[in-house]
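Undergrad: Please model the complete structure; the sequences and the hints are all you need to start from.
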Amino acid sequence: MTRVLRRSLIASAVAVAVGLGSLGALQAAPAGKLEIFSWWTAGGEAEALNAVFGIYHARYPAVQIVNATVAGGAGTNAKAVLKTRMLGGDPPDSFQVHAGHELIDTWVRNGSMEPLTGLFKAEGWTTAMPRGLLDILSYKGDIWSVPVNIHRANVLWYNKKIFADAHLAPPATLDEFFKDADALKAKGIVPFALGDKEGWEAGHAFEAVLIAALGADGYRGLWTGTTPWTGPKVTAALEIFKRMLAYANTDHAALTWDGAGEYIMGGKGAMMIMGDWANGWFTSKTFNEYGWAPPPGNMGVYDALSDSFGLPKKVRDRENVMAWLRVLGSREGQQAFNPLKGSICARTDCSPSVFGAYQRWAMTQWTTDAIVPSVIHGAAASEGWATDYKDAIALFVTSRDTAATQQALAKACVNAGVCK
Amino acid sequence: MWDRAAATAMLLPSVVAIAVFVYGFVGWTGYVSLTRWNDVLPNYAWAGLRTYADLFDTFRFRIDLLNTLRFTLAFLAGCLGVGFTLAVLLDRGLRGEAIFRTIFLAPLAISFIVTGVVWRWLLNPGSAQLGSVGINLLLERAHLGALRTGWYTDPRIGILAVALAALWQLSGYTMALYLAGLRSVPDELREAARVDGAGEWQVYRRILMPLLQPITLSAVIILGHISLKIFDLVVAMTGSGPGFSSDVPAYFMFDTTFRGNHFAQGAAIAEVLLVLVALLTVPYLIYSTRAEAGR
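Same order as they appear, the protein sequences are chains A and B. Using this note's numbering, the letters of the first sequence correspond one by one to residues 632 to 1051. Using this note's numbering, the letters of the second sequence correspond one by one to residues 2 to 296.
Among the hints, a few may not be true.
As the list claims (entries may be wrong) - Cross-link-like lysine-lysine pairs, in silico, DSSO-like; alpha carbons within 30 Å at most:
hint, chain 1, residue 1, chain 2, residue 2
1, A, Lys1042, B, Lys230
2, A, Lys792, A, Lys816
3, B, Lys230, A, Lys714
Derived from the structure by calculation, the hints contain no laboratory data.
TA: Next comes the structure, spelled out in structure tokens:
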């Protein structure tokens, strides 16, 4: 108590001594520090973050930005550090988190965050961002984080030359997929390139199969408890995935997803299902013969994941954080961030001209498609449930045991407290 | 009197530290495993043994236990076999023994992380574009291409590939143990046996091996508890592997606790591991304490 008193006395004494003249200016603009916590340390993403920092700095030059990044493990290390800091009562001013249940189940449900519904309304974001995205961000009627970007998980990437040589079109339905796959296999080409070394890639591809088998509403219901995991449509999805795996490369267990991309690039593999970070990867390899389409049966459905930032309770300077969130959600901020990150704006009013061909396609889909949350990337379910889902599908790739896998998936839903 | 007080004062800090940081946390982990803490924030509602029942019903944990068994058997048999053979060869007084001894013992100085990375490269199955690499490339060059396998990417091999790396690292250590044992056997015993008409094989079979039994026992204990707790080697080399074929309980524990926020489940796995290690070491500790008391 006395220490606090002494500190504030010193602070006010300093303020009086130093800033009597400029007191008006001090009140107008936020000052102090802003600590932003993320795992954006690699190539394009670090530059994207810096671009937003640039805008923030131009608007609020008095605020010193502290860039607290923790590298490695697709955010695994960062999340562990974040947990320690949050539970220890030392939250960063704002932190990167996958929008949706990764944020809601980990931090919102236990009351560590402040709702941002007021900010969204004041800034007009409730109309600037699509309804389906706001649903993902919401919990108990409030919105909890500001999405800075959108990645699409369900994209079918294919080698254009292979399809042209075989006089085939990329498959729009599952029937076409298997017909094409047979034709390609007969030519000695791997129809379905897969690399599932890290454990999550198979679960990622299976999301698209679930969407194909259940439709957008049925798929959404899996994560809210309205679609039963024990139902015949989930069985059908597993059977379809089993058939697809029979067309995969035999060394899939040794490869990460970019290893599967090598198959497409080398003309030895025809198709793969991967998120749209594959676009940046193909570009960085100066490979141009690739095309994209929704995976078979995924027409009109956008399987989305988003990086977002929220407002933890007990932050040091709330005003600085609100200013940060306003920059993140603004058209200017999103247009600066996304071309560098290789994603698209969460807002629907970004100018297509600053984006590449793939992003322009994705932006059109973003405004028209039904938006569903990705589970592997944190939007659809709690971290615990997503881990159980990932494990069940990773085992399925080897075991191909439909009944046992369906049972494990159903049990994961029960363990998460969503299914009875 | 003062001696005793001084000795107690010297020992006290480490006794307290061990009581808190080892036994205290063992107890705390045990308590957590009996609660419903499966979220970020603690939830100490009593769950009894339900977490354990669920755990043994979890497919990943069942696979992990089998993997641990396969790994332990392969690793123990390999280390004892290779270590004993090397010790016997070195014991025959060949020239440059010290150099060989150092070479065989050197891997022990390397961390499991380094071993894991190196063996991940060596046992890389290669790919369709790049062709074979590592050991598969050696096999191909030696016209033994038929022997190429997927190594740790083949679910039938899985954890055994990791056991191979662990074997490489620790067989030198086992050799050192056996060599010390062999050197401690008095020459008179061997000579007496030879005078009695025993062949070389019989000297080893009837004289040396029985005398080396305590060495074998300690080697089994030391290597056994390493293999039950193996974690870093798996992380660096393979991860969970296809269909969890190279997954181990310690890795599952890390995954479920810090990625899945299942703290009670992670604590339960830790306790199961503790019991397994205790089953291995406690009888030995009791036996050796009694042996010391008997002296």
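Undergrad: Please go over all the hints and tell whether each is borne out by the structure.
TA: Status of each hint after checking the structure:
| no. | hint | in the structure |
| --- | --- | --- |
| 1 | A/Lys1042 - B/Lys230 | holds, 28 Å |
| 2 | A/Lys792 - A/Lys816 | holds, 15 Å |
| 3 | B/Lys230 - A/Lys714 | holds, 26 Å |
The structure agrees with every numbered hint stated previously.
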